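Given the coordinates of chain Y, assemble chain U onto it according to the supplied hints.
Protein chains in written order, with this note's numbering: chain Y, 1 to 615; chain U, 616 to 1230.
No wet-lab data here; the hints were simulated from the structure.
Because the structure is a prediction, the values reported are computed rather than measured.
Note that beta-carbon positions come from the ideal geometry of N, C-alpha and C, so glycine has one too.
One thing to keep in mind: the hints can contain errors.
Over 10 Å on every C-beta distance to chain Y, these chain U residues come out as not near it, computed from the model [unchecked claim]: (1) Gly633; (2) Glu683; (3) Gly696; (4) Arg753; (5) Ala756; (6) Thr1093; (7) Gly1094; (8) Arg1134; (9) Glu1199; (10) Ser1228.
Here are the computed distance ranges between Cβ atoms for each label pair [stated by the list, open to error]: (11) Gly788/U / Arg568/Y: 14 to 24 Å; (12) Asp472/Y / Glu742/U: 49 to 59 Å; (13) Glu742/U / Arg568/Y: 28 to 38 Å; (14) Arg926/U / Ala597/Y: 20 to 30 Å; (15) Gly788/U / Val117/Y: 22 to 32 Å; (16) Ala157/Y / Thr963/U: 34 to 44 Å; (17) Asp571/Y / Glu737/U: 25 to 35 Å; (18) Ala242/Y / Ser678/U: 49 to 59 Å; (19) Gly1128/U / Asp182/Y: 33 to 43 Å; (20) His263/Y / Asp1186/U: 40 to 50 Å; (21) Asp182/Y / Glu737/U: 43 to 53 Å; (22) Arg568/Y / Glu735/U: 31 to 41 Å; (23) Val732/U / Arg236/Y: 26 to 36 Å; (24) Gly788/U / Arg236/Y: 25 to 35 Å.
There are 2 protein chains.
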Amino acid sequence: MARVTFLPAKRSAEVDEGTALLDAATAAGVLIEAPCGGEGTCGDCRVRVEAGAVDRVRAGCLSNDEIEDGWALACSSRVTGDVTVAVPEVEEDRRPKVVGLDGRPVEAEPEPYARRVALEVEPPSLENSFSDLERLERAAAEGPLVCDLQVLRELAAALRSADGRVTATLSQGALLRIQPGDRIAGSHGVAIDVGTTTCAAHLVGLSRGRIVGTAADYNGQIARGLDIISRINYARTPERLAEMRSLVLETLNGLLGGLCRSHNIAPEDIDNACVAGNTTMIHLLLGLDPEQIRLEPYTPTVNRPPPLPAREVGLEILPAAPVCFAPGVGSYVGGDITAGLLASSLATDDQDVALFLDIGTNGEVVVGNGEWLMACAASAGPAFEGSGVSCGVRAAPGAVERVVVDGDSGRASVSVIGGGKARGICGSGMIDLLAELAMHGLLDPSGKLNPDRCPEDRLRRDGRILGYVVVDEGDSATGEALVIDENDLQNLLRTKAAIYSACSLMLRSVGLGFEDVTRVHVAGAFGRYLDLERSIRIGLLPDVPRDRFVYLGNAALAGAHALLTGARARDKVGELADRMTYLELNVDPSYMDEYMAALFLPHTDLSRFPSVSLP
Amino acid sequence: MARVTFLPAKRSAEVDEGTALLDAATAAGVLIEAPCGGEGTCGDCRVRVEAGAVDRVRAGCLSNDEIEDGWALACSSRVTGDVTVAVPEVEEDRRPKVVGLDGRPVEAEPEPYARRVALEVEPPSLENSFSDLERLERAAAEGPLVCDLQVLRELAAALRSADGRVTATLSQGALLRIQPGDRIAGSHGVAIDVGTTTCAAHLVGLSRGRIVGTAADYNGQIARGLDIISRINYARTPERLAEMRSLVLETLNGLLGGLCRSHNIAPEDIDNACVAGNTTMIHLLLGLDPEQIRLEPYTPTVNRPPPLPAREVGLEILPAAPVCFAPGVGSYVGGDITAGLLASSLATDDQDVALFLDIGTNGEVVVGNGEWLMACAASAGPAFEGSGVSCGVRAAPGAVERVVVDGDSGRASVSVIGGGKARGICGSGMIDLLAELAMHGLLDPSGKLNPDRCPEDRLRRDGRILGYVVVDEGDSATGEALVIDENDLQNLLRTKAAIYSACSLMLRSVGLGFEDVTRVHVAGAFGRYLDLERSIRIGLLPDVPRDRFVYLGNAALAGAHALLTGARARDKVGELADRMTYLELNVDPSYMDEYMAALFLPHTDLSRFPSVSLP
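Chain Y on its own, in the form it takes in the complex:
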């Protein structure tokens, strides 16, 4: 046996020698992203050996320099004795998170929707009467090009300023931009995840496909409603619809502007964008009336928006840049899910049935394999995204991401992203907190705090509502204690119950149970880790063998990145949407029963959670 310790979480596990590092991480309750499924190609599971050694079975995508520097792929390295490894922070300009559908990293050869090509255009001549545009078409070996007038107006000068050397940005037979000289290296794209609660973006260098920077922020629409239905209700007049559009555009353009400034990129050098979002978010972003999404038979204006120029969408990048959208399947299974599936192996596995769950403000669940896919949505709420919970925050520096409650003292100790004082608690911290309080009996199975088990100085009373102090005033960045009260706890309980019951009902609808599922892909913006044992302890995730879980992180964003850089991914995502069947949970009479039964920690039916022992 050997002890493997994972930094910075300081979690460890005893495993047999020869065990893969990735499995050791699972045993230690540390989920490491491994989207390529252990092929050694994506590099996402890279860890650095800090003490001891491992057997690198495959170098995979690592360079010799990297290996000398101590890096190893968790999927392709075996434990040979006691070892301590560090799981890296998300780095900028590192390899993208997604592998292509052939298992190779998508950056191998970026194929954006609009591509820059460097051309040498022959000079004009009396020998022929080719126009500037015709000579450009000949140089590009493209048939008649369509283009905006503005581009035509710049053509003559561009061709004559660098002896005919120009960079043309081309897409689907259209000339989007013309620049003098070779400007290939400047091409950038953005992958955007428009979440109900959180929006996130990757800035990607398209000459090599690398992620240059990442940014995330709350969706500015939060001020107009926390969940999808309240957003739709708010947007019921044309003025308010326009306001909702402006709010999310402000958020997105804020992210893009920040990325451009940090990385010294001109906004016009972003010539591609891919957006993944749920159907309502896409309608609001495009200024499409979302009303019919709310009303039976729940029919959106569009599931698969055509590519639109950035100027029409309102994104402050190259005005002619095509904005592509991940295709949605229905009003409650949107492009965030099809994009997310791209970042998992679920859609390509041949026979084995797998489960995909995206834990966001709406919780979406997909079950299926390489042949069939079925999807449903559950109105989970934003509790795990730090919204709708009084002390909740996004997983960002200052957020409590780990919580341990001491069974004797009943006090919590926390770890904060980036160190320092705590601003609030993010999703992974909330899961820890719920689980730890329940494990030590401070919380009863129905989500009520037990005043007998809570030390008096940890309790807060606001009228009849009890609260538990997680972080004292002195350790809080705001100077106010971080308290979770019973309303918060009920919100968290409803969220986890919605997700679990959707999974359960979905499987039952196809005659399967959790035991039939060979792999559970978990997506969600929880930060670097999702604590597996604690997620199962609270009944968010099913109690199945731990090695069946794969944590994908923000899969919608990773999928948007794949769509941004890969032509095959864009084809593939359409096929996924084509063969996905949408199951409307709201019309299933047994949904409410299933949901009510899940409103316990972990569940009213304890036989479903054999590994959980009550305190």
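For chain U alone, kept in the frame of chain Y given last:
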């Protein structure tokens, strides 16, 4: 022998019985438009028998009602005795002027670039999760449609306001507009000829292809230069280029607005436009810097502009309406010529070599047959369009279109379009005037007035410049006499010399002479007639057998109409442009000699004009 008299010109000819009416017209010096080449299909040569009778060999496209009403096709009717026929004024809502490439009238089945289709879209259902756009695509049997956001925003309401019955305007896989109910009948298009001097437009009903109305006006850019080169010189700063664009757009939008008002059509119901114009006019309309057109090697930005939405071009019709352009061949052979060729049989005749000349501000000449085409341009000047000549006007009501000079009195009598007082003299009047003055010796072969032959009261002197009074103060609409002076006469002489010498040089460059040409297609906005004998008398047209001439009228406008309504015409015009070779006259050293020799009435080399007798 029988006497055939043509009204309203009151010209007549003695011809053998059995002669085709069309040939009788030629013999009488009346050119009737017959673009279908005597096939009886286009109906453009229709005349009405006012006295006597003709033998209608073929009814062609005439209905029985029309025949009973006295109508006959000049190409398909034979003279059986003395007869008087009226050549109709250009009517509104009559058949279009152009036949399809298969010889059938183009309106047989209009195939505009953007077409309206009436659809019944299935209602939304819980059974599937098809979006509004997907159900529309299924109803239209079209793959994924691209569309502007504005259209998407209107889709949900449109589908729900008339039980799923909608009219979609589709073009090349794009959804341009969605309207509730069946709006097929409202679809209109505009065919536009953007001339250096004159702009003209047909408003066309696209459900049947009929011309609803026609309008013409001077190009507002005239105030900034009469010819192409002076326009290019004027437009040398971005501000002036923008001004030139505004000026022509004002002209065009004025024409379109007037047509819409007169015919009670909403501008948004014009969902197609086709534009023919020379290369410089198209550059100025699109705001493209024309500078390189003027500078060797004479290279335009674009010969074949891609279809552009009306909102980008600036035409005040449906903003998303595609504006198609007739393809140009070079800086001085533009889309007006390729469109004009469509309106002639030149491009489809198999072996026989024909000549096409478009007498406009630039005179363009094409020679060739069904296998090869060669084109050149001559800077003719706008004299025949009523510009650059002091008393010149467009062929419109109030214009002198016929002039006869009495050999004895030396006085001119005139006929005015629409009757009443004369506002000025149009192109056909100028040709008559030159010819009549020369025939009676009032003008010497070099274009100088002969004071000895002019009655004193017909002469005006302004310094050393002599002028001839065509219309007295009392018969003039302006109250001032219409006088043509020697500067005007020199302008006219230069214009006709440029055109004749271009024809002559072009033929010589391919080893041919006028005698080898089986047909001469003459295009130009001269009004209803072009007097053949007088055009030959002044040396504008070559002295070849009269039956070789075909008068096409405004061929560029007719061609734009063909492009507007026919998919095959749009294909064909591209082929024409492909196989047309451009000959740059300016670089041919013998051009100036040829031009100088033509600066006489009719020519310095009288052997070229055997039928002309000098006074």
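Evaluation of the provided hints:
no.	hint	result
1	Gly633	48 Å, holds
2	Glu683	50 Å, holds
3	Gly696	54 Å, holds
4	Arg753	13 Å, holds
5	Ala756	17 Å, holds
6	Thr1093	41 Å, holds
7	Gly1094	46 Å, holds
8	Arg1134	26 Å, holds
9	Glu1199	7 Å, violated
10	Ser1228	42 Å, holds
11	Gly788/U / Arg568/Y: 14 to 24 Å	22 Å, holds
12	Asp472/Y / Glu742/U: 49 to 59 Å	56 Å, holds
13	Glu742/U / Arg568/Y: 28 to 38 Å	32 Å, holds
14	Arg926/U / Ala597/Y: 20 to 30 Å	58 Å, violated
15	Gly788/U / Val117/Y: 22 to 32 Å	24 Å, holds
16	Ala157/Y / Thr963/U: 34 to 44 Å	40 Å, holds
17	Asp571/Y / Glu737/U: 25 to 35 Å	27 Å, holds
18	Ala242/Y / Ser678/U: 49 to 59 Å	55 Å, holds
19	Gly1128/U / Asp182/Y: 33 to 43 Å	53 Å, violated
20	His263/Y / Asp1186/U: 40 to 50 Å	48 Å, holds
21	Asp182/Y / Glu737/U: 43 to 53 Å	52 Å, holds
22	Arg568/Y / Glu735/U: 31 to 41 Å	37 Å, holds
23	Val732/U / Arg236/Y: 26 to 36 Å	32 Å, holds
24	Gly788/U / Arg236/Y: 25 to 35 Å	33 Å, holds
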